[in-house]
Every structure is written in C-alpha cells, then in structure tokens.
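Peer 1: Next come the chains, spelled out residue by residue.
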Amino acid sequence: MSCKDNIRVGIYLCDCEGKLAPTVDLNKVKTNIQKTANFEFIRIANSLCSKAEQERLAKEIDRYSLNRLLIAGCIDPKIKRQLIEFGEERGICRYNIEFVDICKAGKENVEGTVSLINEGLLKMQDRSTIVYEELEVLPEVLVIGCGKEGAAAALAISENQPVTVVDNESSQEGKQFIEGKKNITVKTGAKVVGVEGFPGQFLVRFLDNGKHVKQSFGAIIIALDAQPCFNRDKYQVGLGERILTLSQFLKNDKDYSGQKVTFLLGKADEDSLLSYAAVLKNALMLKEKGADVNILYEDMKVSADQLEQDYEAARARGVNFLKYNGDLQILTTAVAVTVRYWEPFLPQIKQIRLVSDYLVLAEDYVPDSGTADLAAALDLRTGPDGFFQKDNVHFLPIMSNREGIYFVGSCHGPIYGIELQKEIEAAKAEVGRFASGKVRVLALQPQVTAEKCAVCLTCYRTCPHHAIEIVHDESLNNMYHSAARMHPLACRRCGICAAECPGKAIQLPLYSDQEILQQISRPPKLVAYACENSGALAAEMAKSLDPNLQVDLQIVPVPCSGKIDALYLLKALEQGADGVLLLVCHKENCKFVWGNERADQRKEQVRRRLREAGLEEDRVEIVYLAANQGNQFIASVQSMAARINQLGSNPGKVIR
Amino acid sequence: MIVVDNKPIEDILQMIAPYKKVLIAGCFGCVTVCLAGGEKEVGLLASQIRMARQKDGSPIEVLEQTVERQCDKEYLEKFQDNAREVEAIVSLACGIGIQYLAEVYEPIPVFPGVNTQFLGANRDVGKWEEFCMACGECVLDKTGGICPIARCSKHLLNGPCGGSQYGKCEVSKDVDCAWHLIYDRLKALGQLDKMKEIIPAKNWHRDKGPRKLVKEELTLERN
Chain A
1 MSCKDNIRVG
11 IYLCDCEGKL
21 APTVDLNKVK
31 TNIQKTANFE
41 FIRIANSLCS
51 KAEQERLAKE
61 IDRYSLNRLL
71 IAGCIDPKIK
81 RQLIEFGEER
91 GICRYNIEFV
101 DICKAGKENV
111 EGTVSLINEG
121 LLKMQDRSTI
131 VYEELEVLPE
141 VLVIGCGKEG
151 AAAALAISEN
161 QPVTVVDNES
171 SQEGKQFIEG
181 KKNITVKTGA
191 KVVGVEGFPG
201 QFLVRFLDNG
211 KHVKQSFGAI
221 IIALDAQPCF
231 NRDKYQVGLG
241 ERILTLSQFL
251 KNDKDYSGQK
261 VTFLLGKADE
271 DSLLSYAAVL
281 KNALMLKEKG
291 ADVNILYEDM
301 KVSADQLEQD
311 YEAARARGVN
321 FLKYNGDLQI
331 LTTAVAVTVR
341 YWEPFLPQIK
351 QIRLVSDYLV
361 LAEDYVPDSG
371 TADLAAALDL
381 RTGPDGFFQK
391 DNVHFLPIMS
401 NREGIYFVGS
411 CHGPIYGIEL
421 QKEIEAAKAE
431 VGRFASGKVR
441 VLALQPQVTA
451 EKCAVCLTCY
461 RTCPHHAIEI
471 VHDESLNNMY
481 HSAARMHPLA
491 CRRCGICAAE
501 CPGKAIQLPL
511 YSDQEILQQI
521 SRPPKLVAYA
531 CENSGALAAE
541 MAKSLDPNLQ
551 VDLQIVPVPC
561 SGKIDALYLL
571 KALEQGADGV
581 LLLVCHKENC
591 KFVWGNERAD
601 QRKEQVRRRL
611 REAGLEEDRV
621 EIVYLAANQG
631 NQFIASVQSM
641 AARINQLGSN
651 PGKVIR
Chain B
1001 MIVVDNKPIE
1011 DILQMIAPYK
1021 KVLIAGCFGC
1031 VTVCLAGGEK
1041 EVGLLASQIR
1051 MARQKDGSPI
1061 EVLEQTVERQ
1071 CDKEYLEKFQ
1081 DNAREVEAIV
1091 SLACGIGIQY
1101 LAEVYEPIPV
1111 FPGVNTQFLG
1121 ANRDVGKWEE
1131 FCMACGECVL
1141 DKTGGICPIA
1151 RCSKHLLNGP
1161 CGGSQYGKCE
1171 VSKDVDCAWH
1181 LIYDRLKALG
1191 QLDKMKEIIP
1201 AKNWHRDKGP
1211 RKLVKEELTL
1221 ERN
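Sequence lines, in order, name chains A and B.
Going by the working numbering, the first residue of the first sequence is number 1, and it counts up by one from there.
Going by the working numbering, the first residue of the second sequence is number 1001, and it counts up by one from there.
Calculated directly from the structure, the hints in this document are not laboratory data.
Every value quoted in this text rests on a predicted model; they were computed, and no experiment measured them.
From the three backbone atoms N, C-alpha and C, an ideal C-beta is built for every residue, glycine too.
One or more hints might be untrue.
Distance condition first, Cα-Cα at most 30 angstroms in a straight line; then the derived DSS-like pairs of lysine-lysine [unchecked claim]: (1) A:LYS653 with B:LYS1196; (2) B:LYS1187 with B:LYS1007; (3) A:LYS653 with B:LYS1212; (4) A:LYS653 with B:LYS1055; (5) B:LYS1187 with A:LYS211; (6) B:LYS1020 with A:LYS525; (7) A:LYS422 with A:LYS281; (8) A:LYS390 with B:LYS1127; (9) B:LYS1187 with A:LYS653; (10) A:LYS587 with B:LYS1127; (11) B:LYS1055 with A:LYS525; (12) A:LYS525 with B:LYS1021; (13) A:LYS438 with A:LYS422; (14) A:LYS254 with A:LYS148.
Cβ-Cβ distance ranges computed for the label pairs, FRET-style [to be verified]: (15) B:LYS1194 with A:SER436: 58 to 68 angstroms; (16) A:LEU517 with B:PRO1018: 25 to 35 angstroms; (17) A:ARG608 with B:LYS1194: 38 to 48 angstroms; (18) B:VAL1139 with A:VAL393: 47 to 57 angstroms; (19) A:ARG608 with B:GLY1163: 45 to 55 angstroms; (20) B:LYS1196 with A:LEU239: 55 to 65 angstroms; (21) A:HIS472 with B:VAL1214: 28 to 38 angstroms; (22) B:ASN1223 with A:SER216: 50 to 60 angstroms; (23) A:ARG608 with B:CYS1138: 31 to 41 angstroms.
Among chain A residues calculated to face chain B with C-beta under 10 angstroms, some are [claimed, not checked]: (24) TYR64; (25) ALA454; (26) LEU457; (27) LYS504; (28) GLN507; (29) LEU647.
Pulled out of the complex, with its shape left as it was, chain B reads as follows:
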C-alpha cells in the first residue's frame, strides 16, 4: 500500500488562500486504508478549513467528494460536476492521484492535501512501516524476504555495516538494522550461506528517464 500522511493545514490554507470555493477530493484506495484521505478525512479537513477561514474573515465554500481511485481516469471523471463548480481542488490521494487529477482537470489548480510517504505495511492501527522502494529489480530471494534497499538506512546490498549494534541502526535506536534482521531470518531458514554471497551493485542509471511499463500483449489499440 502507498502510505501518506496529512499535510499541515497551514500549508493547505496557504495554497487555497485566493479561492472562495474549493473541492476536497478523497480517494477510496490506499489513502482510505491508511486513514488519511478517505471520506472521513475529507469531512474533517473540510470542517477545519471552513472554520479557519470563517475565523479569518474570508469564508469559503468547501465541497466534499470521494471516488474509488484517483489513479484511474474513469474514476476521476466522477469529479466533473463538482470540479466545474469550484476554483481549486485539494486532493487527499497519493502523489499519483494528485498528478492525475491535475492532468485531467487542467486548468483548475489541484493541490496536495497529503504528503506521500512510502510503500509500506500496516503493522497495527496507526502504525506503518516502509517495506519497498520499487527499485525494479527484486532481491528478496537473496535476503530472506527482507528488503535491504527499503529497510537499510544506507540501502546497502551487502551488509551489515559498522553502524549496526545490538540489532539497531546507528541512525536511530528506533530503527532496526535491516541486515541484522536478514541475518536472523536466514539463520532461521537455515540459509546463512546466503550472507556470503555478494550481491552486485544495481544499475540505478535510468537511461530512459521516468519508468514506464508497457506490456504489448495486454495493450489495446483503439482505432
């Protein structure tokens, strides 16, 4: 899941300062699951904005709407009636949804209502952890199912480094050393020999710029 956190309201108020009517756009996907951009959060933010602006003597009208996913154009189209009504949109979707919304509704300005954090797992209510950085070349087979790219502070492919002590990373005692975890896991799996294997450096050079995934066998020619 994509994990996001709420943007400080001061920032949002600043973005929408010139406008008198805005739409708060929620997303029913990851951001609902991570309790930051679903219908509930849309309601809370809208109420907060109305009161803040009322207090500042510049009342604002705030519309509220949540759609299935903001990363698909068909769902974004559901905003069209409300979008036509407003001067700006605040999206509570992840960075993907915000960009796509901005693209679909140009020239209406679209602002981020959240800060997109990472790809992670939900450990318990209110607790998320980064698990994946979408590097494009998975090494989890070599590391006992624990990602050193996402979970080691230095993204080391061969570890641990000298900063690992008592299972914790030198960066903070709240951070587990990923390579310590990998060692423990490989030991439990009886695969400690994998620690000796040197994983070659990844090619981070993206010669083709931002990544795209096109699967010819799935694409549809619309003639």
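Isolated chain A (complex conformation):
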C-alpha cells in the first residue's frame, strides 16, 4: 500500500532484542497493520539502538525513498534522541519521526498497540509537509563598539565576512588595531538609533556625525566595553599622586623599579575577575622590573583559566599576598601611603600598618554609557546593574532576545579575557551562518491563515523576539490583503503569538490547536500542560524517581508555557478533567522572555471565568519548576490530585 501526497512512511516495530515479546506479539501487530494502514515499508526490527540495525535502516530509507519514520518500541528518551539525530543526518527532519510507546497499550494488547500505531500514522498524515526555506542573507556584520572588545570581535569575524565597526559615540580604544584591516570598515562618531527587519536583512539606522543614514547588515554584534568607575565611598579616600585607580595605573608607563607598590582588591568589582586578572599579571611584571609588590585581598579569586597559574607564579617570584578582613583605612602623605588593616589569622594584633610608595585601587565596572539608549533602540532587555541581558539560566551567554543580534564581552557583565575569546568564537560561528549569502532553514515558524487575521497587532506586540511583521500582498485573502508573518530566521517557535491571537489565525506547526486539543479529547482527572524546558523534563525525571507514581494524569507538552491558550485550560475542564495544571519555568527564567508571565495571566483569566461560572477556581493551578525538579513535580501533582479529590468531580464537565 502506498501513502498519499508523497508521504512515504517506514514502520519499524522494534522488539528490543526480544524483550518486548512477552508484552505483545509483534507479528500479529504487523499483520493487522498491513491490512489497514497506509505506509511504504514495514518490518520487525531486533534492536534499533544497535549500529547494525541502523545501517540496515539507512539502506531501507534510500531503497524505499522513505521520508517519514514511525518507530514503535520501548521508546527510551536516549534512544529517541539518537534516532532523531540519525534521521536528520539522512534528511528526515525530527518532526517527521514519530515514536509509539508499545508498553503504553498494556500487556498482550495487539489491538491497543495497533490503534496506537494508527494514531501515530494519522498524526503524520495530518502534519503538513514541513519544508526547508532557502533565504538570501547579507554576510555583512555590524559590530557596535570600537573598544578593545569590539576590535577583537571584528578582527576574528573579518576572517570570513565583511565587518563594519561603529563606536556608538563611545570608546575608540580599539580603532588602532583594526583601521585599514582587510574586510573591516570603521565608523566613528556614529550612533545606532534603530533597527528594522530580520536576521539576514537588518536595516540599521545611524546618527552618523549628526546625519541620519541607514545601512543593511545580516547580523549585529554588540561589543561595548564596560567602563571602569571609581567609587570614592568604597575606599573613603580620594585619588592623588600616590593613590591611583587600576585603570590609571594600567595606562601610565612610569618606572616603578625600586618602589613599593600595593594593589588593593576586594572593595570594588566584587562580581568579576577583571581586576584580579589585571592585578596578578601586572604584579608579576612589576616584580620582574624590580619593584616591591604587595597585593592586599579579602578573597583571592582565581576561578578562570590561567589565573591560578598567574597567582602561583606571583607567589613564587615573591609578590606579597596579604589578606585583610573587613574595613581598612587609607592614609596618605606627600611621600607615602599607608593602609591600616586587620589580618584575619592574627586576631591578637590590633591593626597592621602597611606603608607603600604607591597604592593601586580596584574599580567597579559599569555598562557603557550608551547601553540604555541602545537597548531601547533595539528593544533588547537589560539585567543586573544595567548590563545587557537578563539574568536567566535559559539564555546562552551571547544570545539576546532577538535572533541575529548577539552580545560579546563585558557589555553583558564584566568578563575576563579567555571568556571573551570563547564568546567571540561563539558569535563568529553564529554570524558565520550568513557568510555565504544564503541560509537553509526548517520552516517551522507559525503559519497564519490570512482569512482569519484581523491584523490587530497582538502577535506583533507580544512576540518577545521581534519575529513578526505585517505584510501586504494582494494574494492574502482578507479585506486588508494583509496578514502577520513570522520570519523563519527570527522566530524561536515559542508559540506565544498563537496563544495570543484573538482570531485563532495562528497555528504553530506540531503544536496546532487541533494537535493539542486532540490529546485532551477524553482527558483523565488531571491534565498538566507542561513547558518542554521545565515541566515536561521534570515529569520525565519523576518517572525514574518514582516509577510507581499513581496519578490519573495526562501531560501535554508545549514548547513554552506561553503557548498555553486560555482555551486549552477551559477545554480540558469542559471535556471532563477535574483539574488543570500549568507547569512553567521559574519566574524571570522563561527561555522566551515572558512566556511564563503570560501563562500566569491566562491562569488568572481562566480562574476568573470559572469563578464567574460558579465553578471552583482552584481547579486551575500554576506550578513554577525547573527541569531538574522531578521531586517538585511529584509533590505538585500529588497535592493537586489531593485537592481535586477534595473538591470532588468537576460539576461543569460536559460529558458527550
């Protein structure tokens, strides 16, 4: 039997080296499926996790031109991932591989197993063919920041593609290293005031020495150096000839041989290693030039590559490391500077007086002064201390809330040299995708039905990633000839837009309303919509923590809790559930910026609606958890189960 619309399914019934034989007779299953289903090829496999079987599978994919795989077996998450990788290497994308857990049907249940497989086949047939889109992109990269970090980033990226560096009316310290270099253009006195468009085709607006100009770039890298900032209050002393800041010290080329120089660490720059790295390196150099060097510290921070070695080397060469505790006093005269401090290991000594010729003070690092303006112009989020990027475990270091715009270096918090190099390499790899002028991307962004799109802008405004535009095209079949469109390179597939749409015009492939509501058409007592970045993973973990967890529960995975439509919550209850849970990432820790906040607002909305309808609002609850909180998952599910037991059967369920 062959399949419709060029869908060529291969069905593999894996008996897990015979381990599944006592569970169900796969031969009978195979015969039954052969009678009814549409597919291209079917066979019973011995263990698909073995290399030999996978080689055979690869040959069959070629021979039968298979473009869909249905794998029925024990479905271990690890094997699942392995087979997905295997499929993608052979041109079958992960969304065209369906897994069916044979054990789910129960023992010796041939019919149940067959119906599970048929359900899986149906899902595949329904799924519109997912295609790759090839897009034209600009290889040109804009680096915002002409300090040392911006220059370093530009130099690395210019090896592969053209780079323009703007100083954003800030530091030009890096200019000398990049001016005149191949593939690099330097623009000074220019400030970025806005960005339109999408990755691959950004239109950047500049105020270039007072004139408005615009230019297109494929990608943008923000690499504004953090600025040192001396805070007098932290030392209770002013600067002078004998008291310098670390950055003043680094800039002057004075000869300190024969002088006594003390570096003071720990009172400023508490959160980074920048001062520690600079002090260790310079202490060593001074020592070699014949200076007498002290480092006063509270805690020596060496937790990065090379720092431990520098510390050991400095000690070995005779740099004095002096630990202090708490407050200290700095006194200065025309010829010397004295620090009075307490030594934690010698409590009987009241105070130690350390006299030096020069005292060098660590400073704090603050964001470049243009950071807030740039964040507003590009609609990027800032986090702790006004640096770029929110403090969120889901964000990779260089990622911003927009695809195609990356952070490198101390613009998102003071960063030490080797870490900077790693970030530059990562950013180089990201923008390198555009170097050839073309990219191929899986078109999995949400699809908009123009007939239903009221161009109300709700999706456009609630997209955390600037991935949506309103396009006008005569072929769009509504009165505006316009509709929202999600850009395949900018979209991160969270599905927030689909859940916000008041016209139900937006569907996220693989998570359409139909696909989700189908899962709850005959729901058990408890339905849990679970974010795949937290709740769904915690649920998986819970299985291994407590294999006997007995709760009548259906987990409906969603890519982000922001995809949980208010309608999904009401529908679960209407169709028979007694309670609904939203399993979402911790506050301020949504991978998609504000998906969990939207989920919380929808929970409130639905609770209000239940209250108004005379139903118990406690039937809907939200749980904040992380992927590694399997225990929390068990506790929340059990407490919700207890709660709905107490509330009794849902009086609003409409049994059909």
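With chain A fixed as given, assemble chain B onto it according to the hints.
Peer 2: Chain B in isolation, oriented as in the chain A frame:
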C-alpha cells in the same frame, strides 16, 4: 476603532436562562482587534457557558460562529444556517452589530455579550483609550490634535478649568487633563496663540433625531 469590554457572564447567563440552544456570534472587526469578540473569545465564552449550565443541571448546546463584520447585512446573512437552529443569539459585536443582528434575525432574540465602551486607540496590548466621541464637528485643528470633547472630563471646548493640577484632572489622578495636553502640544507646535481663541459652543441640539448620513452622489437606486 470601537472598543468593547466583555459583559459579566452572570448577566449573559441570566439573559439566556430560558434557552437550551444558543449561538455565540463573533465579529472579525473591531471587537477581534480589541480582544473581546473574535473567534477566540467566542470559544472561551461558549466553553464557560456550557460548564456553568452543566453545573446548574440545565445543560445547554452552544454553537460558535464568527463573521467578517456584524455592521453589514451581507455578512450577517452568513449566520442564517446556525440562526435557524437556535433559540437565541448572543452577539459579541459592538452595539451596532448587536442591533443589526437583532433586526436581521427577528424574531430570534439577540443579546449583548459585550458592553460597548468608546471610540479609541490601542496604546499597547490590553490598553485602550477614548479618543473620539463622534460629535460631528471636528475641532482638532484648533486643539493641537487632541480632542477636548472626548478627553476632557467636562468636555470643555475652552479650558483648562480650575480642576487641572500638575497635568492631571481632578476627577482622578489617573486621568490626564486634556487641556494641559493641548497646551503642551500647542507649545511644541509653536501655536500657543490658539489657546486664546474662544471656541464657540457646539449645537448639540439634534433637531433631526438620530443621525443619518446619506450621500446622494453615492447612493444607488435599486429599481
């Protein structure tokens, strides 16, 4: 855009209490844009009604349909198949759509599912503001593009009044004083002299009753 807000469900349940089968009629126009009467809201309300009635022991069948605009007869006709099936209709369109629907489908009772609020702008997701009261004689040229009729609590044509303080209206500190805004705008435009101009009182007396607009050069005689 016409801005509407959802009617409390208690009110809607009361209106449809005698019926066993109703249609929720959505509108694809303004009420979809203001997130209160589109296909999504139709689904939410329908689900809510079904559960409320189930709980009260009087199950109800609820049909759902949304059309392009309820202020045009041709679109209203799309409801006819469903309308024939039901005992009553709840419309989520603005007051205009509700009335027109009631007129077209007489004698089926049509009930409002929303409270029509005002003519306004959408400042951001979930935030609307009244901008216009459709007075029929626009004065925006004299007031720097800010309407004193719609945005001044007293609808004053010459302001501000004594209740304006620090840019806010005495009615509430959440209400901007429209005349303060007008002053700031005219200042920015370099047209402060317009503040001195006295705008004469409008003729609110509608001697011809409810307004109609007929443009002879556009009307079509269907013979």
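Peer 1: Taking the hints in turn, state whether each one holds.
Peer 2: Outcome of the hint check:
1. A:LYS653 with B:LYS1196: violated, 65 angstroms
2. B:LYS1187 with B:LYS1007: With Cα atoms ~41 angstroms apart, B:LYS1187 and B:LYS1007 exceed 30 angstroms; violated.
3. A:LYS653 with B:LYS1212: Outside the cut-off at roughly 48 angstroms; violated.
4. A:LYS653 with B:LYS1055: holds, 8 angstroms
5. B:LYS1187 with A:LYS211: holds, 26 angstroms
6. B:LYS1020 with A:LYS525: holds, 28 angstroms
7. A:LYS422 with A:LYS281: holds, 20 angstroms
8. A:LYS390 with B:LYS1127: Measuring from Cα to Cα gives roughly 26 angstroms; hence the hint holds.
9. B:LYS1187 with A:LYS653: violated, 61 angstroms
10. A:LYS587 with B:LYS1127: holds, 24 angstroms
11. B:LYS1055 with A:LYS525: holds, 17 angstroms
12. A:LYS525 with B:LYS1021: With a Cα-Cα distance of about 28 angstroms, the restraint between A:LYS525 and B:LYS1021 holds, given a limit of 30 angstroms.
13. A:LYS438 with A:LYS422: This hinted pair holds, its Cα atoms lying about 26 angstroms apart.
14. A:LYS254 with A:LYS148: holds, 22 angstroms
15. B:LYS1194 with A:SER436: 58 to 68 angstroms: holds, 59 angstroms
16. A:LEU517 with B:PRO1018: 25 to 35 angstroms: 31 angstroms Cβ-Cβ, so the 25 to 35 angstroms window holds.
17. A:ARG608 with B:LYS1194: 38 to 48 angstroms: holds, 46 angstroms
18. B:VAL1139 with A:VAL393: 47 to 57 angstroms: holds, 55 angstroms
19. A:ARG608 with B:GLY1163: 45 to 55 angstroms: For B:GLY1163 against A:ARG608, whose Cβ atoms are near 35 angstroms apart, the range 45 to 55 angstroms is violated.
20. B:LYS1196 with A:LEU239: 55 to 65 angstroms: With a Cβ separation near 57 angstroms, B:LYS1196 and A:LEU239 satisfy 55 to 65 angstroms, so the hint holds.
21. A:HIS472 with B:VAL1214: 28 to 38 angstroms: Cβ of A:HIS472 to Cβ of B:VAL1214: about 33 angstroms, so the range 28 to 38 angstroms holds.
22. B:ASN1223 with A:SER216: 50 to 60 angstroms: Given range 50 to 60 angstroms: holds, Cβ gap about 59 angstroms.
23. A:ARG608 with B:CYS1138: 31 to 41 angstroms: holds, 39 angstroms
24. TYR64: violated, 42 angstroms
25. ALA454: For A:ALA454, the interface hint holds, since the closest Cβ of chain B sits about 4 angstroms away, which is under 10 angstroms.
26. LEU457: holds, 7 angstroms
27. LYS504: holds, 4 angstroms
28. GLN507: Violated. Min distance 13 angstroms.
29. LEU647: This interface hint is violated because 12 angstroms lies over the 10 angstroms limit.
Checked against the numbered hints given earlier, the structure breaks hints 1, 2, 3, 9, 19, 24, 28 and 29 and satisfies all the rest.
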